[in-house]
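Can you make the complete structure from the sequences, with help from the hints?
If you read the sequences in order, they're chains A and B. The first sequence begins at 0 in numbering that gives the first Met the number 0 and counts up one residue at a time. The second sequence begins at 0 in numbering that gives the first Met the number 0 and counts up one residue at a time.
Treat the hints with care, as some may be off.
Here are some, though not all, of the chain B residues that point toward chain A, as calculated from beta-carbon distances under 7 Å [to be verified]: (1) N59; (2) R93; (3) R94; (4) M98; (5) Q104; (6) F106; (7) A118; (8) V120; (9) K125; (10) S126; (11) M127.
Across the chosen pairs, the derived CB separations fall in these ranges [unchecked claim]: (12) A323(A) with A87(B): 51 to 59 Å; (13) Q145(B) with P308(A): 37 to 45 Å; (14) R248(B) with P308(A): 49 to 57 Å; (15) L483(A) with E65(B): 49 to 57 Å; (16) D139(B) with E329(A): 31 to 39 Å; (17) L123(B) with L483(A): 35 to 43 Å; (18) E329(A) with G214(B): 53 to 61 Å; (19) L123(B) with V342(A): 46 to 54 Å; (20) A323(A) with G83(B): 40 to 48 Å; (21) D23(B) with F296(A): 21 to 29 Å.
Because the hints were derived from the structure by calculation, they are not lab data. We put the beta carbon where it would ideally sit given N, CA and C, even for glycine.
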Amino acid sequence: MRGAPVPMLLAALALSATHPIHAAQDAASARPLLWGTDAEGGAPYIFKDPKDPNHNIGFEVEIVDEIQKELGQPIVVQQYAYSSLILGLQRGDFDFGMNGLEVTPDRAEKVLFSIPYYVFREQLVVRKGETRLRDLDGCLKIDCTVGTLEDTAADRLLHDRGIRATMYDGVVEPYRDLVLGRIDAVLLDLPIAIYYAKPNPDLEFAGTPVARGTYAIMFQKGNEALKRRVDAALDALIRDGRLRAILERWNLWDDEQAALGQVGSGDILSASRKAWTFDRYFPLLLRGAWLTVFLAFVSFGFAILLGLPVACMRLYGPAPMRWAAIVYVEFFRGIPVLLLLYVLYYGLADLSTATGLGSAFRLDPLQAAILGLGLNYAAYEAEIYRAGISAVPYGQWEAAASLGMTGWLAFRRIILPQAVRTILPPMTGDFVALFKDTSIVSTITVVELSKQYQILSKSSMKYLEIGLLTAALYLVMSVPLGFLSRRLERLWGRGIL
Amino acid sequence: MSGPGANGNPGIELAFSGLRKVYDGHTILDGLTLSIAAGSTVALIGPSGGGKSTLLRCLNGLTAFEGGEVKVGPHRIGPGPVEGTNRAAAQQIRRLLGMIFQDFQLFPHLTAIENLVEAPVRVLGKSMDEARAEATRLLDRVGLLQRRDAYPRALSGGQKQRVAIARALAMHPRGLLCDEITSALDPELKGEVLAVVEDLRRDGITLMMVTHEIGFARRAADRVLVLDHGAILEDGPPSEVLERPKTARTRQFLSLLLG
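So, in C-alpha cells, the structure goes:
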C-alpha cells in the first residue's frame, strides 16, 4: 500500500491566497510548502485515485510524502497546468515544482534543480503485431509519424533524428491515435509507457528504451536554502532505500536507477543535453509560419467558396433550401470552433470505428483543421455575402433583366461585382481574424506558428526572444494582407464609391 | 443612318387585353384592353398611382398580373407568376423591348461604354470589337462620345439618362418603354434627354412613354392615353386629348400639370 495522501488542494489554495510566499524565510516556519504539480497530467506521477477521487496518488506523491517527513514541514499540492509549471514557479505561485520535470540546460539557466529522483528513458510503442518498425531507425526507413508530448526529451530526440513527429499535450491521446492508425508509433517517457501502453492489448513495446535523462525537483533561482534541505532529504531517501521501495512499488525500478545518488544536481544526461539556439529553433518557427499561411489560405478559400452558395440559397432558394441555409449559418456560428475541431478529429474517427466504416471518416489533423475552420468561417462569410448582395438596389436586377439577361448572368456580371465592394472590407477583416484563429488547431496536434512558439519558448525558456521573433513573423504575413485588401478595395470599388 | 431600326428593323405591335393587376388588395389595372400600332409613339399620362408604370412593367414581365394577357409581336404573357412559359416569353420580349427607368439604373461598376457593351456581348453573343464599335456610334448619337470611359458617378443626370437610352438601343430593340425618364432631372437637363427621344422616332421603333411632359407629348406623340384608377379615361391624338379632353377629371389633371 502507498502512503498517506498529501493534504488537499483546497487548503492549499486558501493558504496561497492569504500568505504571500517568501521563499528564503520559510525554513523554520510552520507554513506548509506549496508543491506545484498537475494532478490532471496523468499516471504514474500524480493522479486522482480511481477508488477515491479526493485523493491524489502516484510515485511522486509518495516521494513528496517522505520528503515532508524528512523536512518536518507539511507540503500541500498547488494544482498547476503542466505546461505552465516553470512560469508558475518563476512567478512565485508555489515553492517547488515536481511533475516529471526533465533537467535540461535551458531550464537549468532559469531555475534550480534538486538532485535527480528518477532516471528516465524513452520507450517506443507500436501497434500489436507491427513488423515494419522495431526501433527509431526503422521509423526513418518507412517514413512514419511518431506521436509524443511537446517539450520533452522524446520530442527533441525525434527532431534531432529527423523523424516526423505529431505533438500532443496529453498522455492518453497519442496512444489512442496509435490504436486508430493515425500515427505509426509513440515515443514517450518510460513511466508513461508502462502505465498507458503496457496494459493496452492493442499495443506493444518496440525494442528497449532509448536515451537517458533525469527528473528532478525545481526551485526558484536564489532559493538555495530550500534546495539544500530537499537535496538532503532526497539523499536520505536514496541512501536508506525508501526511494527504491517507492519506485519498485510503482514498477519503475530498473538498472538505470543505480545512477541515483551519483548524478549531481548540475549534471545533465545525454538525452537532455542540447540547448535551443537560434539556428535550431528558427527553422521550426518558419515551418510553423508556413503552416499558418497554408491553413489560413486553404480554409478561407474553402469558406468563401462554400459561403456564396449558402448565401444564395438563403436569398433565392425555395423555402426548404432557405431553411437549410439558415440552420447551417446559425449552427456553425453558434458552436465554438474548438468543439467542432474535436468532433471532426476525434468524434468522426470514433464513428468510423463504431460503424465499421474503417478509415472513411478518419481525417488527418490537417484535413480536420481545414474542414473545421472552413465550415465555421463559411457561416460568417455567407452572412457577409448576403448583406453585400442585398445592399445592391433591386433596380439593378430589373435593369439587367430588361436587357435580356438571365438571373444567373445578372447575378454574376451585375450584382456580385457591385456587392464585392460591400463584401470586401469585412471579408478581409475575417481573413485576418482567421489568420490568427488558426492557432486553435494546435488542439488537434497541428503545430502552426503559435503552437511552435509555445513549445519552443517553453523548452528554451527564451520567451521574450522567440516571442518577438514570432510576432515579427505574424506581422510580416499580416501587414501585406492589409495593404493587399486596401488595394483590392480601390480596384474593385472603382466607379461605385 | 446608323441607328437601330434604320437597318430595316420595323417597330413592333403591343397589345393588352383584359389586363388586371391587383396589389395588396388594391386594383391597379382593371381589365384594361389596348393595342398599340407598330412604330407609333404613345404618351401615357395621368395622375400618380394611376397604373401607368405598372402597365409598362407588365409588358416585359417585370411585374406579374392576375388576369388577361399582354402580347408583344408573337409573344404572349398570361396571368400568374413570371415562370415557366411566362418567363420564356418575357425573356423573348425583353430582347425586343428596351426599358429606360426614372432613376437610370446604369451599372455603377462599369464605364459608360462598358454599360453599353455588356448585354450585346453576354446576351446576344456579339464579339467585343463589334459591340464596342456599335457602342461608340450610339454614344456619339446621344452626344456623349467624349464621356465613353467615364463611370456613371461622374456623369450628370441628363448624361446618365442618355447613356441609359444608348444602352437600351445597343440591343437593337423594336420598341422602347420609357418610365418617367425625365422626372428625376432638373428642368434644364430634361431637354437634352427629350431631344434624344424625339430623334428616336426617325428609327420607326414603337415608343411607349410614361411622362408628365405635356409639351413633349404634344410635339412628339402620335397618340396620348390618360390613365386613372387603372382604366383609360382618354385615348386619341394629342390635339384631341390635350386640347379638348372629354372628361372633367382629365381637364382637372391637365390644368394642374400646366399650372
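Evaluation of the provided hints:
1. N59: 6 Å, holds
2. R93: 5 Å, holds
3. R94: This interface hint holds because 5 Å falls under the 7 Å limit.
4. M98: Hint on M98(B): holds, closest Cβ of chain A at ~4 Å, below 7 Å.
5. Q104: 4 Å, holds
6. F106: 6 Å, holds
7. A118: 4 Å, holds
8. V120: For V120(B), the interface hint is violated, since the closest Cβ of chain A sits about 10 Å away, which is over 7 Å.
9. K125: This hint is violated: K125(B) lies away from chain A, its Cβ roughly 12 Å from the closest one there, beyond 7 Å.
10. S126: 17 Å, violated
11. M127: 14 Å, violated
12. A323(A) with A87(B): 51 to 59 Å: 29 Å, violated
13. Q145(B) with P308(A): 37 to 45 Å: 43 Å, holds
14. R248(B) with P308(A): 49 to 57 Å: 53 Å, holds
15. L483(A) with E65(B): 49 to 57 Å: Once the Cβ atoms are compared, 53 Å apart, the range 49 to 57 Å for E65(B) and L483(A) holds.
16. D139(B) with E329(A): 31 to 39 Å: The hint (31 to 39 Å, Cβ to Cβ) is violated, given that D139(B) and E329(A) are roughly 54 Å apart.
17. L123(B) with L483(A): 35 to 43 Å: 37 Å, holds
18. E329(A) with G214(B): 53 to 61 Å: Hint holds: Cβ distance 58 Å, inside 53 to 61 Å.
19. L123(B) with V342(A): 46 to 54 Å: Holds, at about 52 Å.
20. A323(A) with G83(B): 40 to 48 Å: 25 Å, violated
21. D23(B) with F296(A): 21 to 29 Å: Between D23(B) and F296(A), where Cβ atoms are some 49 Å apart, the hint is violated.
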